[in-house]
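Construct the complete structure from the given sequences, taking the supplied hints into account.
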Amino acid sequence: MDKKTPVISCRNVWKLFGPDPKQFLATLKPDASYENIRAQGYIAGVHNVSVDVGRGEMLVIMGLSGSGKSTLVRCMGRLHEVTGGEVLIEGEDIGKLDEDALINLRRRKMGMVFQSFGLLPHRTVLENVAFPLEMRGQDRHERRARALEVIELVGLAGREDYFPRELSGGQQQRVGIARSLAIEPDIWFLDEPFSALDPLIRREMQDEFLRLQNMLEKTIVFITHDFDEALRLADRIAIMKDGAIEQCDKPDQIVLNPATSYVAKFTEEIDKARVVHAGVLARPVNGIEVTGEPVSEASTIQSLARLLISDRRKLIPVAGKSGELVGVMDRQEALDVLLGSGS
Amino acid sequence: MIRKFTTTLAATAAAVAICLSASAPSLADDSSDPIIIPIHNWSSQIVMSNAVGQIYQSMGNNVEYVTTDSQAVYESVRLGDVHLELEVWEGAFGKSFREALEKGGLHDAGDHDAVTREDWWYPMWTKEACPGLPDWKALNECAHLFKTAESGDKGRYLDGPVDWLKHGKERAEALGMNFVVVNAGSAAALWAEIGAAEKDKRPVVVFNWTPNFAEAVWPGEFVEFPEWEEGCDKDPTKGPIPDKLYDCGNPAKGYLKKAAWDGMKDKWPKAYCVLTKINFTNPQIAEMAKLVDTDEQEPEEAATNWLKANESVWKPWVEACSG
Amino acid sequence: MTSFSRHALTGLWLLVLAVVLTALKPLLPPVLDRLPVWHPIWSHYLDTWFDWLQNDLGLIHVTRLAASGLGFLIDVAANLLYGKARWPRLEAIPWSTVAALAAVAGYYLGGWRLALLAGGTFTWCALMGQWKWTMETMSVIVIAAPFGFLIGLLLGIWSWKSSRVESVLRPVLAVLQTLPFFTYLLPAVIFFKVGPTAASVATIVYAIPPMILMTAVGLKKVSSDVVEAGKMSGCTRWQMLTRVYLPAARTEILIGLNQVIMLSLAMVVLTAFIGMPGLGAKLLAMMNSFKLGRSVEIGITIVLLAVTLDRLSKALVVKQPEHFEKGTPWWIRHQAWLVAGGVFVFFTALGRMVPFFNEVSRSQSLSVGSEIDDVMKAVLDWDPIQAVTGFLRYFFNVWVLVPTENALLYVPTFGLIAAITGFCWLMGGARPAIIGFVFFTAVAVLGWWDRAMLTLHSTVTATLLAVIIGMPLAIWASRSEKATRRMIYVCDTAQTFPSFIYLLPAIMLFGITPVTVILAILIYTMVPVVRYTIEGLRGVPAEMTEAADMSGATRWQKLVNVQLPLAMPTIAVGLNQALMFSFFMVIIAAFIGTRDLGQEMQRTLAGTDLGKNFTLGFSVVLMAITFDVAINAWAEKKRKLLGL
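Those protein sequence lines, which keep their order, are chains A, B and C.
Take numbering that gives the first Met the number 0: the last position of the first sequence gets the number 342, and nothing is skipped along the way.
Take numbering that gives the first Met the number 0: the last position of the second sequence gets the number 322, and nothing is skipped along the way.
Take numbering that gives the first Met the number 0: the last position of the third sequence gets the number 643, and nothing is skipped along the way.
Quick caveat, the hints were computed from the structure, so don't treat them as lab data.
DSS-like mimics (lysine-lysine), calculated; alpha carbons at most 30 Å apart, straight line:
| id | chain 1 | residue 1 | chain 2 | residue 2 |
| --- | --- | --- | --- | --- |
| 1 | B | Lys200 | C | Lys376 |
| 2 | A | Lys313 | A | Lys249 |
| 3 | C | Lys219 | A | Lys21 |
| 4 | C | Lys24 | B | Lys146 |
| 5 | A | Lys240 | A | Lys264 |
| 6 | A | Lys108 | A | Lys240 |
| 7 | A | Lys108 | C | Lys160 |
Now the structure itself:
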């Protein structure tokens, strides 16, 4: 397969809820608004969404509850049938697969983690984790070995024989994560995995998740309503409202250049300095003379605060990973990000 | 479509029937399958059934008892679900018995040497209050003597349990009697009523029958209604009132029969032979009822005790069939 | 607001119409007073149809074939439990083994107390000389309950899968749940032979509806996360059902099982009417002959059995699988089974060696039934008691039952239909009113009007009395935590008793009279009235009562203005259940001697009048469903108004 083919590709995906959605969509004007559709007795869960996720990329879908983010991710795994458009997984239209092929695809390629864990209450940790392996008919010993391996990975070794009700929320979600990883999926869906947990545990789980992601490098669609979480984790963020994607971009871009007023309102409260990297502010050198030590393009403006305030240079050089010069950053511009620009 | 389905069903049924009949035993010995004897809700029948069951057991047969309704039992005998019936009272069950007989599957296995009668009945002290008795017209004129809290101005007649189908209500209506007919829940309720009335010699009229232990405890008489005519329960023209059913009394000299399932003769020839010999008399039947109703024995014990005390009665029946 | 009052007005007009029709009765054309007696016609049609079904279509051969299979299973159980001479022709399991196994099961499921209850119950049965009767009853339950469970489970799954099946099943279940049990019995006898087989069929049919409902409810409740987790794990449909849905709905399914077991017990006892031997038959026989002491002993056995089966199956609902630490040896993991096996071997051997542990003969038994009989007779004959019961009997008869009954019978048919329609309208608006009109007209057309009115009279009178007595009791109990807990416990326990038991105290006090019927229904229907009233009152949010307290309300004001109005929807549910219970009980009370539909139905058991049996049965169903719909609509309306 072509390396450039996106792993997940949504093309004009619609998901309508109502009495006869297919028929309705066929007669719908392409520019009909959410309100417009609702007035006719239908709800647009997903409203003409097109988005690609590349290999190894983490796309965070973000929005308030009811914005359609969960519906979208369920369309990607075909837990929901789309009303219109298509979802391609590695170039193949998932909507056209028959039941066997779909089950097969899920058994080989997909893992999913749920907000309220979705653990089977009558099974032990081990049996829950081994469940997908059992479903695809792996033999007892193999699946036990593999399950123990992932349980170890998520840090639950020693609790294999516990039942979900005997575990804390955080531990239960670790089981959920372990289960979703058991089949070594290429594609990993996480539907608000940490939002049912209290803040301290959430933080810890996010760290844990980043550790796993660095190790495993999967293609990930991650859903959250917590912007901070999105910013911490995302390669790209898609912000949804009323079923449609308002903006889909790198975190810095979303913060710096919100596409719509809705996104702007979202980002208003965010401490931009924590999100924006020096690399984003870097402009081409274009023969300007640069002086002094460069800063790394990967460092956030916040981490450069001390330097920005004490340094007297107007333009500060920005260096890439290997130390090569990638551009210059206007100190004033960086200070505006740090301190807010309004004044 | 339906016809095809019907044929399939019939074919299945036929196949099953063949399988079943293939396992039928030889004629000489009784089958080891249990003989199923029905039990009803009055004492003499229960004790008699237990006694006969114990006789069969002494002959080496297996016996099981089932409690059944005393009217529905003829349908069950006909279909072979139960195998015999020891007390077929003409007045009470004659109709059900005849109907089943016409449909086929059961037959008359002979009479007991007993005369049965069942009808409206009063204990003797009642006659003092209403001297015109036993004539039914006199009873009707005394109706006010029999009123209770429940019956309002009319007199109350306590009929047998509903499932005995006594038609007391129909009779009272046909003859225009000033009585409310109430069904007792059980035979015991009848005795309780008579017993309660005895304390202050209150006049009562209740359903009763002979042979029965009650006649020994409380002397009394049956009310004389217009005499029974064959068909009085089916043909309105029979009896004194031309357009009414049930306008006569019950037969005053009714039979007491035994009935058997047609298949019994072949399946348990010896037991069947004994059944045809079985013959109880009025006093014997009253005695059996008494063991339970006044001596408070359990029916099983009562049967055992009765058999022990009356070997001369039943041994000959068994001997006559063992040869 | 205006729509509401117009709404009420229509109902009131209908009531006025009813009064006018009644007042004008002497002037009415006879057809408006009473419809002609059409039931023989319907019965005839139904009989023809049944006859066609039974004989021409040959259904009876199919059912008889099925009956022989079922009969075989029951015979196996009967052989093992009490040594009935059937295949496999083994000796009966000794009573001590059964009692010990019950104790082990009790211990494993719920600890020492349950072990004591379960073991104690079976020991009691044996020591009282009732072992054989108990086992006769159990032999049908151990076959009927699993069948009911399985069939209910399958139908439940089916109705959950297919909305069409659900829409067909829902009304059928509603009818089945209100169908008088006499109507279950006759077809069972005709198609499945008298005795245990017919009894088990009637029992299975009777026990299935709640199982179907609970299964469907449980499956619907499985959380979408769990379902999606299953799908994303690549489950096939079959795997989804067996590995995800059914295990996740375990709790509801087991509650369904509990219901199946309890209803099976209740029904098996009642099938004494169609020749099912066992505890029910003995109880019936003893009550028939007024041997109240022995009736009480059997009654206690049935109650103990009910409580044991209930607690065991409920413990199963709560019981969660437990995990063992790594390296736990296998004999500890399977401890319960090993102990059960050991107990079985030990007690069976003991029973074979020491006859007492095998079978307690009647002469060894501790039964004191006849002594209790004598005591009870003496007590009841005691003049003060006689005076009280005599007075109550007289008072209720002459001042309550007879006048109201005569009044109800006086009302012309169409007057009553108008009244019912008006009542339904006031309760829930047009829909219940239409249902009430159609159903009661159907009762009139079926042709058992007078008898139906007598049934209605007993039901409504008894339920009203239950409310008059039960509500204050519940209000009193709900004022203290302790009393509430006790009362709920009593109600929960009483609810497990088979309905038949409730006849016993009534007969003891009042003998065979109409008052007995009312009293039996009254006791039976008190349970839901008390239970739901307490639940309703306790369910009132604390802020509301506190707000009332802070506003300076007296206890009475608080009760009338705050608690009762808020508790009303819940109380209405209890009231509805009470009415349904009393429609059920009034039919059983035919056994005491009534003149209503039940009596006529019991009479049909004596023959093969299926058609008549059904016209009677459906008269009851139609009336019961009318009330069910009206009261539920009212409760729903109130709940909406209160925003609950």
